[in-house]
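Chain by chain, the residues:
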Amino acid sequence: MGGLLDALIVGRSAVDAARAGIEITGHNIANASTLGFHRRRLQQSAVEPPPVLGGGVRIDGGTRVADNLLARRVAAAMADQGRADTRETLLLQVEQASASVGEGGIGNAISAFFSSLSALSAAPADPTVRSQVLASAAQLADAFRSASEGLDTVADGADHDLVPALAEVNQKAARVAELNASILSNEAGGQEASDLRDERDLLVGDLARIAGAQTITDGSGQLTVLVGGLTLVQGDHAATLEAAPDAALGGRSRIDLVEGAMRLDLTGRLQSGEIGGRLQVRDQVVPAVQAQLDQLAYDLATRVNTQHRAGFGLDGIGGRDLFAPPAAVPGAAAALQLQSGITAREVAAASAAGLPGNSENAIALNQLSEGQYAGGGTATFDGQVAAIVGGVGTIVAAGEREASLRQDELGYLQSLRESKEGVSLDEEMTQLVAYQRSYQAGVRVLQAVDAMMQEILRL
Amino acid sequence: MRVTDGMTRLQSARDLALAQRRLASSQRQASSGLRLQVASDDPAAAARLLQTDAQRAALAVDRTSIGRSLGELAAADAALAGIGDSLARAHEISLAMANGTMTSSERASAAVEVEDLRQHILGLANTQVAGIYIFNGQRTDAAPFDPTTGAFVGDGGVRRIVAAPGQAVEVNVTAAEALTASGGRDVMADLTALSTALASNDVAGVRAAAGTLTLGQQQVVEARASAGMLSARLTSLDSTLGDQGLQLDAERSRLADADPVSTLSEMALAQHALQAALQASASILGKLSLVDKL
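Going down the list, the protein sequences come from chains A and B.
Mapping of the first sequence onto the numbering used here: position 146 corresponds to residue 146, and the numbering continues sequentially without gaps.
Mapping of the second sequence onto the numbering used here: position 105 corresponds to residue 105, and the numbering continues sequentially without gaps.
No lab work stands behind these hints, which were simulated from the structure alone.
Because the structure is a prediction, the values reported are computed rather than measured.
Don't be surprised by glycine CBs; every beta carbon is placed ideally from N, CA and C.
Check the hints yourself; a few may be wrong.
[Unchecked claim] Just a sample of chain A residues kept apart from chain B, beta carbon distances all over 12 Å, derived: (1) Asp16; (2) Arg64; (3) Ala174; (4) Gly229; (5) Arg252; (6) Gly268; (7) Arg269; (8) Gln284; (9) Glu360; (10) Gly377; (11) Ser424; (12) Ala441.
[Said to hold, decoys possible] To spell it out: a stretch of chain A is covered by chain B in this simulated footprint if at least three of its residues, at any positions, have a beta carbon under 8 Å from a beta carbon of chain B; those stretches are: (13) 111 to 120; (14) 366 to 375; (15) 379 to 388; (16) 413 to 421.
Let the hints inform the model, and build the full structure from the sequences given.
Below, the structure written as structure tokens:
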């Protein structure tokens, strides 16, 4: 009888295992589309059979199929992709603001300005032509100003976006710390806290994408999160990132890692993730283009003014500036404007007073376009604009290429990860059939044992 | 490699996005006709395009300036021709009146004609085009000769215009060089001398005036020739600029315009690619699954 009871237990274990298998398969199928879900596998093993022939099957639990190395590579790719993607979006705005190749761009405005001076040389006393010179000079100033303001807007936008991004980082970091604690307590019994780990992995991916976070896992499954090389989350404790306006950055935000009373400036260290992309554009790309525009505006205004002062207006008075003299190179583009109160009659076309047909100074002003007065004496004004536009175009094109490269790279790694950790419905269907059959077979064992017991009881 | 549903989904989404992007970009080119819309489309070409556009703008303005100056020079030529004719007539009169058979009353009436000729020449020397006195050097706002006294009060300055990038050329002839002592003979004074000699029946004076008027005529012809040379130079510059303009237009088109044939074939290709991607995705995502077979 004892032997038969053992067989009954063996049959029950088979039924239990098949049911557990169906549960796990169901869980996998249900979560096939869940973001960050790692498929589960039923771990089962044969029960060692002392003292009789078979002990049945033991359910060892469900395990989560995860590849930590691959997860870290995906996180790194997400950080790169986040940076490249954000950078691309911002760079396109930089290009839009500062590197127009069409109407309204600085290049067109400069050539229109010098052309108006050329027209002035042919009709130095014509009031319409004189007004045209002033109008094109004003348009030139507008073009510089709007490019400069456009760049400021891009940098400001990148700056403002930091605050919500940091809030998201802080919220996710705090949740990672909570999950660290929960995972530690849940896994104390030896069972893996799969769903909590799934959630934590997802958060880590987000932190990588936003802030370029990196992770270290210790033996007990605790995750340490680093941003810019400093610890953001350790165990159940999370520091926070805060934006603080900084005069050294022109009133824009510095990013501090705040841990109790300690504040560390992370701004220069955050080079990855969406935040890194924003900081790069805000602190490197925009200031570089801005500086080039400022220098060009300064050189142009100063040169034109010097030549303009050498000439005389129709009123016979000389020594006037055409543009309001820029105070300094920084900010010259934004501040560029016509000398206040200058009139068309005061445009200095003549090289001597009282000669309305004299256009020597207009010619000299026009010839400034031929000289290498920009880029530190290495380029003409036109050439310098072309160099700036070409430079911005190159940066943007490289940014676009990088974004698409990073996207491909991330796509490849995600595919790889999906391939390892994701749910294949076909596979689950096969498992489902297999477990269903196991269940049926297990029940048949029970039926057989039951029949045998009936036989015995009838004796 | 294990192929999962998520993987297939990711791949399909990526492929579709790629095909859509390709189609959008070729559509943008085809509908705008432009290959280069922003600098990043082709940075080197963008830099070149800006310079080409600057040159094109400069050329267009320079050609307008040349046209304006050619107009002034044509007016100067016509005026100088008129002056030359009047001087020829005065010379003719001086030769005729130097003849001893002429009476004093004939000389007196000839004096009136010479005075008329002088006034006519004065009027022509004070010619204006679009409000500027073309023969008065750089003082284009005033007449070179006082209209009442006929005294020369003008300027002999050279006027120049920017006629080509980096090139300023002379565009005027002056009354000073054509009609005053600074050109050799003071033609107006010579005419006055002739009319005075005629009025006072001074045969020797008339004869002397005939000699000086020949020199004066020569001087006006020279002024007219120099106007002709300036015109010829401007015309030749204009045609050079015209050729350069065509080259620059071609250059611009090469840099910025999309080639319609390749754009349209690229668009057709992109459409096919998208269609193929859509079909493949639909059949993989929608149909091939064990779920339907069991």
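Q: Against the earlier hints, flag every one the structure doesn't satisfy and list their numbers going up.
A: Going through the list in order, the structure violates hints 9 and 11 and respects the others.
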